[in-house]
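Trainee: If you read the protein sequences in the order shown, they are chains L and V.
Note that the first sequence covers residues -8 to 719 in the working numbering.
Note that the second sequence covers residues -8 to 719 in the working numbering.
By construction, these hints were calculated from the structure, which means they are not laboratory data.
None of the values given here were measured: they were computed from a predicted structure.
Take the hints with a grain of salt, since some may be wrong.
Said to hold, decoys possible - Just so you have them, the derived chain V footprint on chain L, three or more residues with Cβ under 8 angstroms:
# : stretch
1 : 219 to 233
2 : 589 to 601
3 : 615 to 628
Stated by the list, open to error - Only pairs whose alpha carbons sit at most 30 angstroms apart, straight line, appear in this in silico DSBU-like list of lysine-lysine:
# : chain 1 : residue 1 : chain 2 : residue 2
4 : V       : Lys67     : V       : Lys341
5 : L       : Lys635    : V       : Lys263
6 : L       : Lys592    : V       : Lys341
Virtual Cβ for every residue (Gly too), placed ideally from N, Cα, C.
The chain contents come next:
Number of protein chains: 2
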Amino acid sequence: MHIDRPLRSLRRAIVVIAVLSVGLPLTSSAQVTTRKPPTRVPKEPARLPVPLGPAKYVKEAGTMWTFDAPPLDYWKQTYGFTPDSAWLNHVRLASVRLPGCSASFVSARGLVLTNHHCARACVASASPADTNYNTTGFVAATLADERKCSTLYVDQLQSISDVTQQIRGAVTAKTADAQVQQRDSAINRVQTACQTSTHLRCEVVTLYQGGMYSLYRYQRYADVRLVMVPEEEAAFFGGDPDNFTYPRYDLDMALLRVYQNDSPMVVTDYLKWSKSGAREGDLVFVTGNPGSTGRLLTLAQMEYLRDVQYPFTLAAFDRTIAVLNTLSAQSAENKRTYENLIFNIENSKKAITGYRAGLLDTTIMARKAAFERDLRARVDADPALRPKYGSAWTEIANAEKQLTAMAAQSNYYGFSFNPPFGSQLLNWAGALVRLPAQSALPDAKRLPQYRADGLARIRQSVLVDQPIDSTTERMELTSFLKAVQQGLPPNDPYRAVVLGVRAPEDVAASLLSGTRLASLAVRQALLDGGKALVDTSTDPMVVLARKIAPIADQTQAAQARLDDIISASTDKVGQALFAVYNTKLPPDATFTLRITDGVVKGYAYNGTIAPYKTTFYGMFGHATAFDDKPPFHLPDRWMQQRAKMDLTTPLDFVSTNDIIGGNSGSPVINRDGELVGLIFDGNIESLPNRFIFTDDVARSVSVSSRAIIEALRNVYESTRLAEELDGK
Amino acid sequence: MHIDRPLRSLRRAIVVIAVLSVGLPLTSSAQVTTRKPPTRVPKEPARLPVPLGPAKYVKEAGTMWTFDAPPLDYWKQTYGFTPDSAWLNHVRLASVRLPGCSASFVSARGLVLTNHHCARACVASASPADTNYNTTGFVAATLADERKCSTLYVDQLQSISDVTQQIRGAVTAKTADAQVQQRDSAINRVQTACQTSTHLRCEVVTLYQGGMYSLYRYQRYADVRLVMVPEEEAAFFGGDPDNFTYPRYDLDMALLRVYQNDSPMVVTDYLKWSKSGAREGDLVFVTGNPGSTGRLLTLAQMEYLRDVQYPFTLAAFDRTIAVLNTLSAQSAENKRTYENLIFNIENSKKAITGYRAGLLDTTIMARKAAFERDLRARVDADPALRPKYGSAWTEIANAEKQLTAMAAQSNYYGFSFNPPFGSQLLNWAGALVRLPAQSALPDAKRLPQYRADGLARIRQSVLVDQPIDSTTERMELTSFLKAVQQGLPPNDPYRAVVLGVRAPEDVAASLLSGTRLASLAVRQALLDGGKALVDTSTDPMVVLARKIAPIADQTQAAQARLDDIISASTDKVGQALFAVYNTKLPPDATFTLRITDGVVKGYAYNGTIAPYKTTFYGMFGHATAFDDKPPFHLPDRWMQQRAKMDLTTPLDFVSTNDIIGGNSGSPVINRDGELVGLIFDGNIESLPNRFIFTDDVARSVSVSSRAIIEALRNVYESTRLAEELDGK
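Make the full structure from the sequences, and use the hints.
Mentor: This is the structure in structure tokens:
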């Protein structure tokens, strides 16, 4: 679940970000892409017997509740737990948001607890030039030793109010374009007015795809200092292989402190530390900022992901891994260079394979189908809803059907894959050819990636001063061309232009021997020369890009039109859901504060039972089982302090709380509002929860509060911090 | 993998044995049942291009090599390992067979190493009246303290010779019945002659279903004494849940000693103890006695198991578990009474689900199909083989098709299920009705279960003095009747006789209120009274059994005829395989000594990597993760000695060796012929190996030689034994 590991070059960064934007959990606030959808037209739903009865909570929607609509009846019924508003306000104020992550106040003097992997940038900025505290770990011996982060801030949610009517009331136009503009202006007005009057950071959050608009007001704290962080080998023990899995043995924590006027901030609403920690069967809450879920996607959209988009993405991963493995086999240096990247891609594969596993699970999909059938029946049975929303599912299904029909074209037509694996030089050539044409169009008429600040970003990417490794380039280009050869029929116009009857290896060789695009000066000249120069260039890569562009542009434009239809209809589905259920069902994740209930609980796995927790004994067991080889190597400090530790102390534990990317660093809280744990991952069985929530075997994984105290006292020997957390 | 746990009553014993005879790995020497097979007629195999080339080793057949046909070329090619005959003879003589298990000589003074779960009967017989060393553990402080077992003997394989011609030559008759008789007489003659001349125990082993007959000569050692056994909590740590799984933390070992003339036997061929143990990547051999595999089953047979037999069996398990769970919920005593039985059945479910998983795996089945296609093509291409064997596959497929058509009848017609869940009283009634009729028939005309000593066994089962719990009886009878109601159409003659239009609950209630069969005296009288008394009995259970018998007998007889056809054709398939491949492919397991090669190696599991070994740290980690609750509770002795132990010592490890039930207790041997481990289980991924061998993720699980020394020295404080094993 670590997506922010150091990157070797911008080129690699682009690749990795592209991989990760597909949807790794935690630390990403990106919306799940609803761009493309389905392979089969969903059958017309069978009508339920009328009357349908009142709409009730269904588990498939998960438990990511907003703080202005806590399900008090549901909690009372399920757990006999009835928190008062003081309890809810307290845990809300104690829970904070970091860029891409979650965290909590854990002492009266401003200590903030989050994950090691959420504090990486902060830790790096606080490290001296010759070392990296992310790797070595860091413990401030005194207050004076706490080190300022340049990159981090902490947002605390002060209040929420419903502004749906204000936003809706402003939308009076007849055309969709004008409606969007009115809506966006209204949102801006509300935000600005709020900021002016409160001096808080104000954000209008779109819930239920527009079913509800809420105004969230945050206090931002910008003076954040690094207090303590373990070594990466302890925080991310087990590395990429163990990522997304459980049993787990990670101390994935970091302690920061908020300062005001150069003194530790005085905090009233902080989470007290639980002495007993999480016990099996305990009710626990997670308060944090889940980034994005796709639970309102329709069956048709899910089927498209399952049958078209994910298989293409996984095939692209496999091609890239094959290239990288070949490169790695060529030298020890290559092996070192590509090792992390391969692991990262393997991890993305793991994630997508996990999402897809849920979509392939007939039981899970049957639950989704029943839920959708019920919702559609309720919409159809309501004369006020049916005209507004009734056709949305069919509209999506039809668009998905068309996208499926053009899936091979969407996948191959262009200059590389999406995510952008393939030839960097061909990518640049494509950008050089498209930039003059796209610049000349009004924003709304451009290809989606050239809209808004996209044009400037793409222009910049052409001017990055990045050396090209010719072996890598040849292999990636050849791999792409081979995929084109296999994926498109011989009479396909794109294939005809790119390959003709020539072998992929030959085409790649002649393109690469002739092109001069590896030179930044050449690219700069072409960019400066504009359309006139690009149109007359004889650089073979540019010549090819000129032939590709019209074919690819047409497909991309057609795809964009279908995506817009799907996007509009998806909004209708969300609004229909809200109209039927109101806040009885939580909205999809929006990287805003939610509270999710769950139970500390083991589960069936591997033919046996996964224990509800692990201990430090298990951590040493895991390390010794792998002969202490990385990523199963423990830091020297841990080996030295071993005899002083109580190895029976719980280390990590699992619970049924509903979390996803963005929840990293969230506190786990017991009935008494005490902190018992720190979310840092989900097990592999939880990946399908992105689309349909289940809790039979899906679990969130946390660091135990007891492990943190034990490590502070006996590994890091920081009585100061242990006692501060203990409230002494 | 423990099938010999203490049983509460004979009734329960029958149930459990029936469950287990379906095919749990290890400690069972039963043949895989080939009784019933397939649901679809296999398609006519596509013909391969001719010429086929020489028949070569294929991995699907596994690596259970006989000692008279070691694959020296294959080993040389694969591992660069070329053992001489001295090496092979040495490890053969050091490897021994126990009833249902395997073992090895591990000292010059007769020490024998096997599993705790293989020595249970021995340990029980050596325990004093007031204690059970199986539970408490036992360490003989001196030679004089070693305690005689009454039940165990050790068989050492002295030599093997091929007697195929002797057996084949004796078969001259034209009819199948006469041929079988001639073959069996020839086998008897060979065995008797061998025993008379050598005074060894001689067994003719049928390999490749009659493709080859080998004479195995054993020296038997009957004075076996208990030397050391750990507590069950250490040997079977993790209990039934962890059974068939890995990572694992079990010290599943026992040390016995062979005596001659009241002194430790002097042994020349014993396995020296490896100092280093098994390391990742090491080539290792397992020498032991695998009980039974079904790799020569045809596709049609496998499909029948997958689609008909296993689903019925699993449904029967589920029904029984439901009954037992209901009973368990009624009282704490019931919970205690049924806990182990439920676990046992869950374990059988786990095993069968695992076997079936392989059959459901399209990749694995495609390999099987390719193998079968190749074999059939070779048979068809050979004018000598085609007339003898060419039609066998089609004959089996046709018979399986007929069995499938009558599957519901075979499953339900009778007095209970096979395996015999259901009403004990109805079972007795059935036996009372059938016994007079079956006794009157010649052996060959009887129902299969009444043939040979079956008749006497069934008679005895009726006379067991066993109390009937009326609640249990009512629930099991009702559960059976409900299954009949659901599984058979309303116009079915059996259902008509048993239920008519009445509800299962009512039928059960009226049967149970009227019957007097719970009384042993009543059953004895009916048995003594024979047909006359049974025919006139008005006991409602007997009346019902009289109606069932003719319907059930007819179906069972039809099924027996089809089974005979399948059995004869399966023999032809085995002989065809041997004719084509000779000993290039190892034969199916026969509970005789085999040597299998493999590599010590982790594998992909749970989204990450399973380590090639576990350590004592992990054992304490596993115990503490489960809060030391049984079956994850460690013995007090272990907790007390913890500080003295080197917890980094390897405990268990995995390798790719090809093992199955009967291999329990087999030594794991390195290139130098040293003992590095002790087989005790397979991982859950290895269950499909029963039918088709793969080693991607399937692993055998062993206790490390180093764990044994560490435990002897620092847990059990037996320097005497540790040094004897160390060769000091």
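Trainee: Each hint should be assessed against the structure and marked as holding or not.
Mentor: Status of each hint after checking the structure:
Residue count for the stretch 219 to 233 of chain L with a Cβ under 8 angstroms from a Cβ of chain V: 3. That meets the three needed, and the coverage hint holds. Coverage of the stretch 589 to 601 of chain L by chain V holds. Counting CB-CB distances below 8 angstroms, 5 residues qualify, and the rule asks for three or more. For the stretch 615 to 628 of chain L, the proposed coverage by chain V is satisfied: 5 residues have a C-beta within less than 8 angstroms of a C-beta in that chain, meeting the threshold of three. Among the hinted pairs, V:Lys67 with V:Lys341 is inconsistent with the structure: their alpha-carbon atoms are about 37 angstroms apart, more than 30 angstroms.
The hinted pair formed by L:Lys635 and V:Lys263 fails the criterion: a straight-line CA distance of about 39 angstroms is larger than 30 angstroms. Using a Cα cut-off of 30 angstroms, the hinted pair L:Lys592 and V:Lys341 holds, with the two alpha carbons roughly 22 angstroms apart.
Violated hints, in rising order: 4 and 5; the structure is consistent with all others.
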